[in-house]
Amino acid sequence: MNIDILASKQLLAAIITSAFVGGIAGYIGSLMVTKRMSLMGGALGHLTLPGIALALVYGIDVSIGALLFLIFGIILIWAIEKRTKLPTESVTAIVFSSSVAIALLFLKHEEIDIAIIGDISKITFYTATVTAVISIAIFFIVRFILRYIVLASISEDLAAVEGANVLLYKFIYLACIACVVALGVRIVGGLMTAALVAIPACTSKNISKNLYGYTYFSLLVGATSCALGVFAAYITKLPTGPMIIICSSLFFIFSLVLKK
Amino acid sequence: MEKNILIVENLSVTIDGNKVLEDISFKVKKNEVLIVLGPNGAGKTMLLRTLLGLIPYTGTIDWKEKKISYLPPQEHINKQYLLPLTVEEFLSLKNISGKRTEELMKKVGLDLNLKHHQIEKLSTGQFQRMLIAWAISNNPQVLIFDEPTTGIDIGGEETVFTLLHKLWKEHGITMILVTHHMHAVWEHATDVLCINKKELCYGKPEMILTKENLEKIYGLGAKIYEHRHFGK
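Respectively, the protein sequence lines represent chains A and B. First residue of the first sequence? That's 1 in the working numbering, and the numbers climb one at a time after it. First residue of the second sequence? That's 1 in the working numbering, and the numbers climb one at a time after it.
Everything labelled a hint here was simulated from the structure, so no lab data went into it. None of the values given here were measured: they were computed from a predicted structure. Just to be clear, a hint being listed does not mean it is correct.
As the list claims (entries may be wrong) - Derived pair list, reagent style BS3-like, types lysine-lysine, alpha-carbon separation capped at 27 angstroms:
no., chain 1, residue 1, chain 2, residue 2
1, A, K170, B, K66
2, A, K85, B, K79
3, B, K216, B, K64
4, A, K259, B, K121
5, B, K3, B, K204
6, B, K64, A, K259
7, A, K209, B, K94
8, B, K30, B, K79
9, B, K197, A, K82
10, A, K82, B, K19
11, B, K79, A, K205
12, A, K85, B, K19
13, A, K209, B, K106
14, A, K209, B, K99
15, B, K107, A, K209
16, A, K170, B, K94
17, B, K19, A, K205
18, B, K64, A, K170
19, B, K79, A, K259
20, B, K107, B, K166
21, B, K99, A, K85
22, A, K209, B, K121
As the list claims (entries may be wrong) - Example chain B residues on the side facing chain A (calculated, C-beta under 7 angstroms, incomplete):
no., residue
23, Y70
24, P72
25, H76
26, L83
27, L85
28, L93
As the list claims (entries may be wrong) - Distance windows between CB atoms, simulated:
no., chain 1, residue 1, chain 2, residue 2, range
29, B, S97, A, Y216, 16 to 24 angstroms
30, B, T60, A, F106, 51 to 59 angstroms
31, A, S90, B, G41, 37 to 45 angstroms
32, B, N40, A, K82, 23 to 31 angstroms
33, A, E89, B, Q74, 19 to 27 angstroms
34, A, L39, B, M207, 49 to 57 angstroms
35, B, K99, A, Y216, 45 to 53 angstroms
36, A, L86, B, L112, 42 to 50 angstroms
37, A, F125, B, T124, 49 to 57 angstroms
38, A, L86, B, G41, 21 to 29 angstroms
Virtual Cβ for every residue (Gly too), placed ideally from N, Cα, C.
Starting from the given sequences, assemble the full structure and let the hints guide the process.
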């Protein structure tokens with residue numbers, strides 16, 4: 001009985017954490033379904049792998065390890081882009097594949113599993129609370145800069161003339177994406193974070209008529225598929241990360257049916 | 001005598017070691033229409049973007065007006081893989097109310113049924129009209145338009161120039177335009193600035209648009225334009 005309560009408490013903590021991560025990933029992901037940003041989520045996920053590897057080796061929180069590497073990676077991408085004028089996505093491809101290579105060289109087998117598909121068995125209520133607070137903070141930051149992000153996706157000059165410091169907002173936007181990815185690797189691993197940001201947004205795009213509905217529906221679909229995925233994984237005893245992505249994909253398929 | 005609202009002196013822009021604009025000087029008075037002419041790659045877009053403070057420069061750019069609106073050239077506007085933003089939502093990014101949105105849409109000749117259409121699904125011409133609505137929405141004092149009629153059909157082209165003319169006449173707006181339409185230059189320009197990285201000519205259209213100058217700017221093809229004008 002005690003074990004059951006312990007297990008169900010842990011399950012609840014995992015569901016809360018996943019729902020918040022899924023929700024914020026869906027929300028920020030909805031802004032990333034544009035020409036230049038769509039591959040970013042995946043690339044950044046891969047970039048976290050050496051960070052997760054080091055975190056596992058030294059016993060620190062995987063999200064912190066992931067975030068440190070993301071910051072390092074983004075600065076590197078930004079610096080190379082500035083120097084070479086290559087497109088962001090090309091520079092990202094160079095940096096992220098190198099980081100996967102580094103991670104694979106240093107990780108042991110069991111750590112590779114955790115790094116690649118995530119691990120929710122160690123989630124506590126403390127983790128759930130911290131995740132919720134960070135997610136809510138990111139939500140408000142993104143909502144604040146949304147106007148400029150949307151405008152800059154059409155024309156950076158238009159955004160700049162409106163008084164936006166485009167470089168600064170881009171940096172804040174990327175930093176928020178990085179935080180979401182760092183939160184995401186905990187539940188789905190470094191290889192599948194692209195799915196967390198991309199699938200709910202695509203699902204929502206299929207059925208939304210305007211931006212407002214689209215961003216919030218993406219948030220809702222993201223949160224629901226993560227919560228359902230964790231629950232399904234608990235029932236079936238299958239790995240959580242893949243179950244979350246399967247749930248998310250099912251919503252996407254359903255949206256295809258609804259798409260006019 | 002109207003006051004100068006823009007004074008540009010010895011403006012130069014260097015990008016990656018290349019001089020893309022060199023020693024350009026001109027003045028714009030209130031309610032003037034300055035049309036910038038030059039062949040492709042002459043630095044016209046660069047000049048407008050520099051005037052807006054988007055590009056570092058040397059020399060002087062002295063604005064006496066703060067309310068400046070900008071319409072970027074088509075090649076600087078991304079129209080593919082956009083977020084599912086409607087025309088109304090796009091205009092609301094500039095804090096425009098619903099009623100004003102309809103007013104603006106009518107003004108630029110956009111069908112009101114398009115209000116809830118996603119901007120990704122608009123035609124090139126409709127998209128351009130929406131951007132013009134955006135640019136004029138906050139009653140600017142100065143409009144800086146880079147090829148405003150690109151992609152718009154002939155009827156629409158006239159509408160755009162007529163609209164700009166109306167704004168200019170009724171609201172005393174000052175305009176700086178880049179266009180390749182010589183008829184627009186003849187009809188609407190109060191001043192013409194010709195550049196090809198350097199300043200080639202600057203002054204009133206009747207003084208500037210001579211056969212020699214047009215050949216200097218565009219090469220031999222310029223004759224066609226000249227015939228059109230004198231053939232009227």
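Evaluation of the provided hints:
no. : hint                                : in the structure
1   : K170/A - K66/B                      : holds (25 angstroms)
2   : K85/A - K79/B                       : holds (22 angstroms)
3   : K216/B - K64/B                      : violated (32 angstroms)
4   : K259/A - K121/B                     : holds (16 angstroms)
5   : K3/B - K204/B                       : holds (17 angstroms)
6   : K64/B - K259/A                      : violated (52 angstroms)
7   : K209/A - K94/B                      : holds (20 angstroms)
8   : K30/B - K79/B                       : violated (34 angstroms)
9   : K197/B - K82/A                      : holds (25 angstroms)
10  : K82/A - K19/B                       : holds (20 angstroms)
11  : K79/B - K205/A                      : holds (17 angstroms)
12  : K85/A - K19/B                       : holds (19 angstroms)
13  : K209/A - K106/B                     : holds (23 angstroms)
14  : K209/A - K99/B                      : holds (20 angstroms)
15  : K107/B - K209/A                     : holds (25 angstroms)
16  : K170/A - K94/B                      : holds (19 angstroms)
17  : K19/B - K205/A                      : violated (45 angstroms)
18  : K64/B - K170/A                      : violated (30 angstroms)
19  : K79/B - K259/A                      : holds (22 angstroms)
20  : K107/B - K166/B                     : holds (10 angstroms)
21  : K99/B - K85/A                       : violated (43 angstroms)
22  : K209/A - K121/B                     : holds (12 angstroms)
23  : Y70                                 : holds (5 angstroms)
24  : P72                                 : holds (5 angstroms)
25  : H76                                 : holds (6 angstroms)
26  : L83                                 : holds (6 angstroms)
27  : L85                                 : holds (5 angstroms)
28  : L93                                 : holds (5 angstroms)
29  : S97/B - Y216/A: 16 to 24 angstroms  : holds (22 angstroms)
30  : T60/B - F106/A: 51 to 59 angstroms  : holds (57 angstroms)
31  : S90/A - G41/B: 37 to 45 angstroms   : violated (25 angstroms)
32  : N40/B - K82/A: 23 to 31 angstroms   : holds (28 angstroms)
33  : E89/A - Q74/B: 19 to 27 angstroms   : holds (23 angstroms)
34  : L39/A - M207/B: 49 to 57 angstroms  : holds (54 angstroms)
35  : K99/B - Y216/A: 45 to 53 angstroms  : violated (25 angstroms)
36  : L86/A - L112/B: 42 to 50 angstroms  : holds (44 angstroms)
37  : F125/A - T124/B: 49 to 57 angstroms : holds (55 angstroms)
38  : L86/A - G41/B: 21 to 29 angstroms   : holds (23 angstroms)
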